[in-house]
Structures are given as structure tokens and as C-alpha cells.
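Undergrad: Okay, here's what each chain looks like letter by letter:
Number of protein chains: 2
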Amino acid sequence: MNATARSVRTKANDIADYMRKRGQRARAAARVIACAETGTKNAALFALAEAIVDERDAILEANAQDMREARNNKLDDALVERLELNPKRIAAMADGVRQVASLPDPVGEISNMKMRPSGIQVGQMRVPLGVVGIIYESRPNVTADAAALCLKSGNAAILRGGSEALRANLAIARCLDRALVGAGLPKDAVQILDITDRRAVTEMVAMPEYVDVIIPRGGKGLVSAVSEAARVPVIKHLDGICHVYVEATADLDKAIAVCVNAKTQRYGTCNTMETLLVDAAIAERLLPQLAKTYSEAGVELRGCERTRKLLPDAKAATEEDWRTEYLAPILAVRIVDGIDAAIDHIETYGSHHTDSIVTENFTLARRFLREVDSSSVMVNASTRFADGYEYGLGAEVGISTDKFHARGPVGLEGLTSLKWVVMGDGSVR
Amino acid sequence: MNATARSVRTKANDIADYMRKRGQRARAAARVIACAETGTKNAALFALAEAIVDERDAILEANAQDMREARNNKLDDALVERLELNPKRIAAMADGVRQVASLPDPVGEISNMKMRPSGIQVGQMRVPLGVVGIIYESRPNVTADAAALCLKSGNAAILRGGSEALRANLAIARCLDRALVGAGLPKDAVQILDITDRRAVTEMVAMPEYVDVIIPRGGKGLVSAVSEAARVPVIKHLDGICHVYVEATADLDKAIAVCVNAKTQRYGTCNTMETLLVDAAIAERLLPQLAKTYSEAGVELRGCERTRKLLPDAKAATEEDWRTEYLAPILAVRIVDGIDAAIDHIETYGSHHTDSIVTENFTLARRFLREVDSSSVMVNASTRFADGYEYGLGAEVGISTDKFHARGPVGLEGLTSLKWVVMGDGSVR
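Top to bottom, those sequences are chains A and B.
If you count by full-length UniProt numbering, then the first sequence holds residues 1 to 429, one letter each, in order.
If you count by full-length UniProt numbering, then the second sequence holds residues 1 to 429, one letter each, in order.
Errors might be hidden in some of the hints.
When chains are identical, the list treats them as one kind, so a pair holds in a single copy or across two.
[To be verified] Cut-off 20 Å, straight-line C-alpha distance, at most; resulting in silico cross-link-like pairs (EDC-like, lysine to aspartate or glutamate): (1) K114 to D387; (2) K419 to E371; (3) K74 to D17; (4) K419 to E347; (5) K419 to D387; (6) K254 to D425; (7) K419 to D239; (8) K220 to E209; (9) K114 to E413.
Rather than coming from a laboratory, the hints here were simulated on the basis of the structure.
My request is simple: use the sequences and hints to build the entire structure.
TA: Structure representation (C-alpha cells):
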């Protein structure tokens, strides 16, 4: 082994040691935070919001340095844009934390305590998962958001933001420390990593003794890399290939409102419609009118053959289009015959994220809700509603496209699970 | 590459192909079974119970051949014992299937439909996980049990039993086919693998496109091997190092009843007490009396130093004893000072399976339930109650020692998750 190889190896060991120590501290803090009273957790959250407001200038200064370095490093504009903080965004960050404080505490809730013939009484108690690892990119507001959600749900957290946002994240970390210590909670309950080496992530996702779940928040590359390396459960968010199916009996006005909103309200979000399915029976009435609105909004249409007979200006859609998450002002359009064909299309090409039917028919609405296997299924509503705030979760720590544990927006409840509680009176089998 | 290597390689490809085809068929059947009506699923289950009774002689004959081969192969006695079927066990198998039929259908239940300020109404629907892979050893009754639970919860299943039970499993498979086809459900909804090559398992746990969750049922070796190779979520059952803590205010009669039952009712089960923690304030009154009963039952005691002052016949417990799942008539005993020391011991040495406190103190009972991070926490009840039947789940497909998704006994509900349901009236953001 030459000197360089040796030094690299030592460094890898150092990182492993460092991460394991972080993990041990998180595990110890998790026991305390899991049993912390609701009032104590809320006090820490309100103190965090206050500290963020107090430290606004320091956070902005740190962010300005991050931005300068990002520009010097020629990071792409979209990333730099996501990085930027301003007084309004900082106020929103503090507001978000206060909102989490005002949510009901999910931890400790006991449900379904039933008497059993044996004499015992059995039910379930909602409890934290333990230690949550969150790996994210750029946006520094995720730091405050994620910390607040983990704290409120009684979990310890290890947060690993992008290296491009390190200074702002560490400024927020100082607010967190102050808030935790002020409320009498262990500082280690939320740890923000100051190590930017990628191997820290590889370590972190492979310590089941210390980390109970990993949530990657970022692009597909990040999510796949984390999932590949993970030795602990991962709450994954992969593609959002969302559909709206306008059924034959749809109300035309509702259909247009939903279709326009689902595509044009924002283009880059995972709950944006990417493919529109139109029932043949309503296509002639709907599509020309809809195409006009899309054209005004600058949305490019890619249609199946039948669509292009009605909309000669639309490009021809290929098989690939049905599988594409554009995240852009492009929409694939397909004419289908009936609900079975629509559901078949969604199950074949969709990503099980969010799908909506527009219909006035009760039975078909019920069928769609039941048969479409997506994390959110909707009737007469825009796919854009698939979001923690809109669902009343307060905030979301991510959106799961998995079927295991939690589906769709993951809020406080998604960061908990249920243990069994048994009460007896000296009961034996 | 020489000829042998080539042939082995071809064989591995064959197995991969074979398993992927099985997976595709399961995925297709999952769509059908997920939406099957409750009455249809129940009809299939009652038909399965009937077929098992009808085919009793054929199943017994297949089992007799399995047993002969197992003995010829010098498999160990415990394994051969678990393999054995008899008319009583077959009747119990059919009864188990009928019990699952009589449980409420968890699928399709909609809960918490709340109105949101935006005008949408949001709630959750319970849905199957999709395709469940179950890998188990010897006991052929698991085949009927697991098939029934997956079917009722709307999941497709791929069952892979031990090669030693192949003939009996295939005889049960024929009953299943008859029942499914008779009810108009796809045969592929429950597939029982007839391939005994271990590589089939390695394939099966690494097909996230076709399998949504893997449940290994068997010894630690099986569970670890499956977890290591898995690329899909695994519902794991690892150690059951269960504790009873007899607190100072405990009622002596209840304490004795619980301690004796938790240890001696059965030795080889995961919910058997392995370590007894006794509060110093009650040790003198409890331990000598308890030791007598244990001694009569043939239970060997291994005590801490303080225990051995009260029970001079007890062996000395080592650090290793606190971490051991004996699955045998051996019990570790430790005297502790107060609930904090008891909880510390449980959190340090326990396996987060099942732990019980015996106490008359309300506040300490509440603390124990809240602070002990185990899948089942109990007050004044024997740890032996930690079981799907006892909890009213009807049957269990396994016991999870994980914190993610499901903890403790996993019944029908553990084989489902919740998707979001949104209803609007042309609602947009």
C-alpha cells in the first residue's frame, strides 16, 4: 500500500468513526425525546422560530457566502435559485416551525383498547420511529422544516444538507441548539452534519444500530444512490407521472378547471399532471377548447393518433412519452375508450403517485378510487393537491412512492409507528 | 469457461427467468385480487378449508413421504417433529382458514375523510401491499395460514416452503388452486413454488418490480440470510429477549402467576420471558417462593450477585446472560433498584420484542408503557400474550421486531397500507 492509499483509508475510517459517534449520540437522545412532554417539544419549537427571526441577519450573511461560492463553482442556476434565502423566506421558515408546534402531538396516542376473552385489554400506542436520517440538497429551509417535524414526532434526527448550503445550515443549527437547550432537551436530538464528504452519507445509511429510517429529499440521482447503499429502511420518492382521466360524463367546466390547474399551476412539481387521458365520448367537446388554453399558457401537446385528428397541431406522442415525467410545459394526451382502458393505461405507464378522474358518475368514481393503485387517488380535483399542507398534515418531510409503511405525503404520523399495549390483572395464558 | 461452469451459469439464468415469470404472474393477479369483493375472497377461503378436509388423505400421504425422506436424510428430530401432520393438525389447518374468512375485510376501508379549507375532502383508504413473498421452513400448516391471510388482505402471494415439506405443500397447493378457480379468482393469486434451489430465494427477494414485501418465517439464520440479500422491504423477526419487571408495589400473587406463566408455559417461543427483573424492595418476599416453583418446573436460574444472596442455589449470571434468548428452561434474574434501572436494563439488553411490568402503581404503569420501546409493552400480564390470536388479529403472518411499517404480531392489517383519497367538485389550487 502506498502512502496515498493509506491516507485515504485512514480518512475513510475517520469518517466511519465520526458517523458512528454521531449515531450513538442520536440514539441516546432519541430515548429522551421519545418521552418528552408535548409542552416541552412545543416550547423548543417556538424558541426555534424565535431564534430564526433573531438570527435573521447572520443566516442571510451565511447564505450570501454560500451563494457566492456556488456561483464561483459555476453551479447551475436552478440550484443557486433554490439556495437563496431572503427576509421573506426566513419569516416563512419561522412560520413553518410555529405551524408544526401547533399540530396535535401524535406520540403517545392510544387507540382501540379492546377487551379480549382471556381477560387482557389490547390496543396500540403511537410511538416515534427512533432516529431519522434526512439527506437533502440545496434549500436551507428543509433544515428547519425537517428538524421541526422530527422533534414534534419525538424522533431524534441527523440532517445532512448539501455542501453548497453548509454555512446557512450551520447558522440554522445554532438556532436549533439554543432552542433545544433552552427547553431542557438534549442538543443531540437534532444534529446537523458539518461534514461534506460523500462517504458520510454512505456510512449514515448503513448504521441500522443507530438510524431507523432514511429520507432522501432531492432528485432521482440522490434517491437512487441512497437506496442502493442503504441498510436501513428508506422512505423513497421516485417519479411523479400523474394522470387526469376525463370520463364521458364529466362536467365540462370542472374538467377544464382541473386539467388546466393540474398542468399549469406549476410545471416542476411531482404532482403535476404529465398525461391527460380523455374518454372518446367527450374528446370532441373537451379537447379543442382545452388545447386553446394550453396553447395560451405555452404548453406543448403530444397526442396519440386519435388526439391528433382533433388537434392537428399536436406533436405525435411516442411510447416513451407515456413513461415520461416532463417537469416542463409539455403534456401527453391520449384518447381512451372507457374507464378500463384508462385504468389500464395508468397502471401500465404511471408511477403510482397521484391520479385523478373527472366524472359525474358515482359508480365510476368509486371504481377509480378503489382500483387505481396510487398513493393519492382523486375525483374531480387537481393532482396538485397531493401535498402535506393541502392534506392538513401541516408540513411534509417527503412524499413516499413506496407502498410499505407510508404512502404519499409523509407528515408527523409517517414518522411514527404503532406498538402494542396490553393491560391485565395478573393475566396468564 | 469450461462446460460445467457454463451449465451452472445457464441454470442460474433459468432460475432467474423462472422466478421473474412467477413474479410477473403474481403482479398481474395482484391487480385482480386487490379489487376482489369480500364475498368472493371469503368463498375462496371456505372452499380452501373444505378442500383441505376433502384431500386429507392425500395431504397425509404426501407428508408421510416427506417425513420418510427427512428421516433418511437424517434431519434433526425437532425439524422432523415440526414437519409432521396428522388428522388433528389438518382439521386445525382448515379451522384456521375458516377463522380468517370470518375476520372483517381490511381492504377498502375509508377513514378520516376531512373537509379542507380548499374545498377538497381528504382521507385514507386501506389497500393491499401488492405481492407478498413468504419464505418459511418445515411446518406445512404455514402454507394454508399464509395463503389465507394474503388472500383475505387482497395481496397476491408467492410462498416458498422448505424443501423438506415440498410434497405436503404441493398437496395443499392443489387445494388452493381448486378453491381459487372455484371462486373465479386467478390461480396465480397464490403461487406455491415447486423449486427447491436456494437461488430461487435469492432471486425472489431481489425483484422489487414484482414483489412488494418479503416475510421470512424461521430461525435467525433464515431471517438474516434473507435480509442480507433483500432488495425489497422485509418484515423481520429477530430475537425475543423478553423481560418481566416485578415492581416494588406489585401484588405478590399476580407477580408469581405472571412470572411462572411467562417462563414455563412454553420454553421455545419468542415471547417467553428470558430475564426477570425484580425490584430490591420486593425481592426477599418474591424470589424464594418463585424459585421453588421454578425448581419444580425444572427451570435453571442464573442470578446477579444480589439474587444469589437470596437464592444461593442459582448459578452466577454473566453479562452474556442478559443478552441471551435461551429458548430453554433457563432464566436470568437480576435485582434492580427502581423503575429507571429496570427500563435501563431493558433498553440496554432487550430486543424490543415484549416486556411486562407487574405493579399496582398507576403512574409507574403509565411510565413503563410509554418509555419501554418494545413492540409489545404490558402491565400485569404474561409476555406469552404477544401473539396474533391473543390480540384478536385472527392469525399472524409473522411477528415484526422492526419499528418500520408494523411492530409485533402482523395480521391482516400489517399486510395493508393506506393510500390517500381526495374528493372535490372541480377543485383546483
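Undergrad: Cα distance capped at 20 Å. Does K419 pair with E347 within a copy, between copies, both, or neither?
TA: Between copies only: 15 Å across, 34 Å inside.
Undergrad: Could you place K74 and D17 in one of the four classes (within, between, both, neither) given a Cα distance threshold of 20 Å?
TA: Intra 33 Å, inter 47 Å, cutoff 20 Å: neither.
Undergrad: Which holds for K254 with D425 at a C-alpha limit of 20 Å: within a copy, between copies, both or neither?
TA: between (59 Å within a copy, 7 Å between copies)
Undergrad: Since the copies are identical, ignore which copy is meant and state whether K114 and E413 lie within 20 Å (CA to CA) inside a copy, between copies, both or neither.
TA: between (22 Å within a copy, 16 Å between copies)
Undergrad: Between K419 and D387, at a C-alpha cutoff of 20 Å, which is it: within one copy, between copies, both, or neither?
TA: Classified as between: cross-chain Cα gap 13 Å, same-chain 27 Å, threshold 20 Å.
Undergrad: Which holds for K419 with D239 at a C-alpha limit of 20 Å: within a copy, between copies, both or neither?
TA: between (32 Å within a copy, 17 Å between copies)
Undergrad: Can you give me the call for K220 and E209, within, between, both or neither, at a CA distance of at most 20 Å?
TA: between (27 Å within a copy, 17 Å between copies)
Undergrad: With identical chains treated as interchangeable, where does the CA-CA distance between K419 and E371 reach 20 Å or less: within a copy, between copies, both, or neither?
TA: Close across copies (12 Å), not inside one copy (30 Å); limit 20 Å.
Undergrad: Taking 20 Å as the upper bound on the Cα-Cα distance, should K114 and D387 be classified as within, between, both, or neither?
TA: between (34 Å within a copy, 15 Å between copies)
In this structure, only the earlier hint numbered 3 is contradicted, and the remaining ones agree with it.
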